[in-house]
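Please model the entire structure based on the sequences and the hints provided.
From first to last, the protein sequence lines are chains W and C.
First residue of the first sequence: 1, per my numbering; consecutive thereafter.
First residue of the second sequence: 1001, per my numbering; consecutive thereafter.
To be clear, the hints were calculated from the coordinates, so they are not data collected in a lab.
Small disclaimer: the values here were computed from a predicted structure and weren't measured.
There could be a bad hint or two in this list.
[What the hints assert, rightly or not] Chain C side only, calculated, beta carbon under 7 Å to chain W, not exhaustive:
#, residue
1, F1007
2, R1008
3, Q1012
4, A1013
5, A1015
6, P1058
7, P1229
8, F1308
9, H1365
All C-beta atoms in this analysis are idealised placements derived from N, C-alpha and C, irrespective of residue type, glycine included.
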Amino acid sequence: MKVIETLKQQLVESFGDQVITLAHGSGGKAMQQLIDQVILPFFGKPSDSPLEDQARLPLPQSGRLCMTTDSYVVTPIRFPGSSIGHLAINGTVNDLAVSGAQPLYLSCGLIIEEGLAFAELIEILADMAVAAQVADVRIVTGDTKVVDRGSCDKLFINTAGIGVLEVGLDSGITHIKIGDKILINGDIGDHGVAILAARGELALETTITSDCAALTSLIQLLLSEGIPIHAMRDVTRGGLATVLNEYAQGAGVGILIDEGQIPIKPEVRGVCEVLGLDPLYLANEGKVALVIPADSAEQALQLMRTHPAGMNSAMVAEVVADHRERVVMQSDFGGKRVVDMLVGEQLPRIC
Amino acid sequence: MKYVDEFRNGKQAMAIAKKIAEQVKTLNVSKQRPLQFMEVCGGHTHSIFRYGLAQFLPEEIEFIHGPGCPVCVLPMGVVDDCISIAERPDVIFTTFGDAMRVPGSKKSLLQAKAEGHDVRMVYSPLDALQIAKQNPEREVVFFGLGFETTMPSTALTLQQAAQEHVKNFSLFCNHITIIPTIKAMLDSPDMRLDGFLGPGHVSMVIGSQPYEFISRDYNRPLVIAGFEPLDILQSVYMLVKQLVDGRCEVENQYERIVPKTGNQVALHSIGDVFELREFFEWRGMGSIDHSGVRIREKYADFDAERKFAMPRLKIADPDAAQCGEVVTGVIKPEQCKLFGKSCTPQTPIGALMVSTEGACAAHYHYGQIEIPISQVVNR
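Shown next, in the form of structure tokens:
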């Protein structure tokens, strides 16, 4: 981490007063300079040989390859506790990790808007380097494009990832059974509120930071202890409500949420009350909803709570035979209500 | 959370539910002809569904979801007027989030935004004024809507714009006022309501006195209610108790917020900026006399209706949509021919399906399965 911080400072001193121009995407000298002097120092090269158009990677001795890709277009590109750089690494790492795979290699496609300050780009690249180091993955290939001002919003990043899934690991929605418990590894909604606050559209001030984090080591801890995981998904856009609806509809089961068990910070609840938002639909970037057989659920919960990414883990729901394909919440108050899929974006109510 | 969790205590809710059930037994009502209480305000509708409050009540009591969601009662022609302004290249069009999804005859403001027009969601009219100050070369229009709850903030914004001589800001005023609307419902020949839950936020501004004609002239009780589940249940109890005692009064359950005479500062700014319109068109309910306000001559420079030409067309709702009957309690949301078929939150035809406070959207999201009361009370 210290190496990355030092590198960042050196690069800001050298390039801090410059902005990205169309020349940096032209394929010529300026682009070569950007890649060699700014991008590669953060990500490194896969080998000592000259850069090729592809990364050449050894095949795993056993197991299966997992592959995923995702594009990151968040506004603003920096927000409390995180940035588009952290998201671009952790989001793709988590898409692999929730299959049970060990993520290994990432690609990085940068689409940069003409006029972006080098200093901002350097910050984001450093965030990516740090996140990759923490998640124990390597960025082995990439692509850089510069587009006209107005064609994208400062910076879009696409990352693809490859991981290895051990033979025998096979979690998925079809394995969900009546009686299973659903666990989440901590407070929901922090990322959604952090983004809302960062957009500056709120008169509210909040100290909430994004929960953006890689989930690999938490999931690997459960697997290494032999916890049978029937299904797992990272809880991102659409929030916990959306993942639980996907489980219910995909497996043809009912899901009953216990509202009192859902971990949520009072400040996030407060923001939701004021704006008329439902925290169940707020985005997260470091949360996984695990479906575990009832007889292993308590052990899984205790293990999760020993991990830094799972200190506030909770058992929030159970798979039931009633109301198939629907998610119902037993409220703290005593009533029950349907928790449906979100329609469009959550829009604040007027009164 | 302080001042919130105290009003969401399940045990207390059960205790109130029990008292309501006991009182109802002493009245001559049946499941076939239950007591119908209308919650006028969309905020109440939302709470009723969110907390499953109908599950706490005996079958002899029914909530009727009234016209109190200002987004839901917007006529399509008004949305078309908004879009005609928003499509002008010199305009930044601003409004609240849930107004952006209301369908006009051809599209919603969200669709206009997707087409590239500068439509922005704001959290208060002051944010819109701020945008105007930051963009002096553009015309910034705020689409103001809502009952007396949101009227003071719009009025104060216009006063501020006038004081600061902001030239490029105007308001498309579609604010509505609650009392004539309740009166119109009471005058309807279909009217059979047994009582009202009065709107808490509106009453915070206007006080409890303006409702007194309802008990005096129409012999119906009204209880001004807060928005937390215990507030609503207690208000239902107060309505039932009035019927049991043979009383008919305006009572105030929400005393912690609502003063009898309202908020004088807010009322003063409303009076300074707005005046009643002769008529105002409501979606599903037709024209109601004196139910809307317009901007006074004094603030004419900030009136979008005078600044911009608009189509001002009256556009009828689709024939099959029964929004008007739902909003006046004649039918329930699921009895509408379109409910859940062609009209869903993804594809709203009637405005009641748009906002989460709309009776149909709330019913669609929260009320699609029948949960037996036994499952609820066994906790």
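Structure-based check of all given hints:
1. A least Cβ separation of about 9 Å between F1007/C and chain W goes past the 7 Å threshold, and the interface hint is therefore violated.
2. A hinted interface residue such as R1008/C counts as satisfied when its beta carbon comes closer than 7 Å to some beta carbon of chain W; here the least separation is about 5 Å, so the hint holds.
3. For the restraint placing Q1012/C at the interface with chain W, the shortest Cβ-Cβ distance is roughly 10 Å, beyond the 7 Å limit, so the hint is violated.
4. Using the Cβ-Cβ criterion of 7 Å, the hint placing A1013/C at the interface with chain W is satisfied: the shortest such distance is roughly 6 Å.
5. Hint on A1015/C is violated. Least Cβ distance to chain W is approximately 11 Å, over the 7 Å limit.
6. Taking 7 Å as the C-beta contact cut-off toward chain W, the hint placing P1058/C at the interface is violated, the least distance being around 15 Å.
7. Look at P1229/C: its Cβ gets to within about 5 Å of chain W, closer than 7 Å, so that hint holds up.
8. Contact between F1308/C and chain W, as hinted, is not supported at the beta carbon level, the nearest pair being about 23 Å apart and thus beyond 7 Å.
9. About 5 Å separates the beta-carbon of H1365/C from the nearest beta-carbon of chain W, less than 7 Å, and the hint is met.
Comparing the model with each numbered hint stated earlier shows that hints 1, 3, 5, 6 and 8 do not hold.
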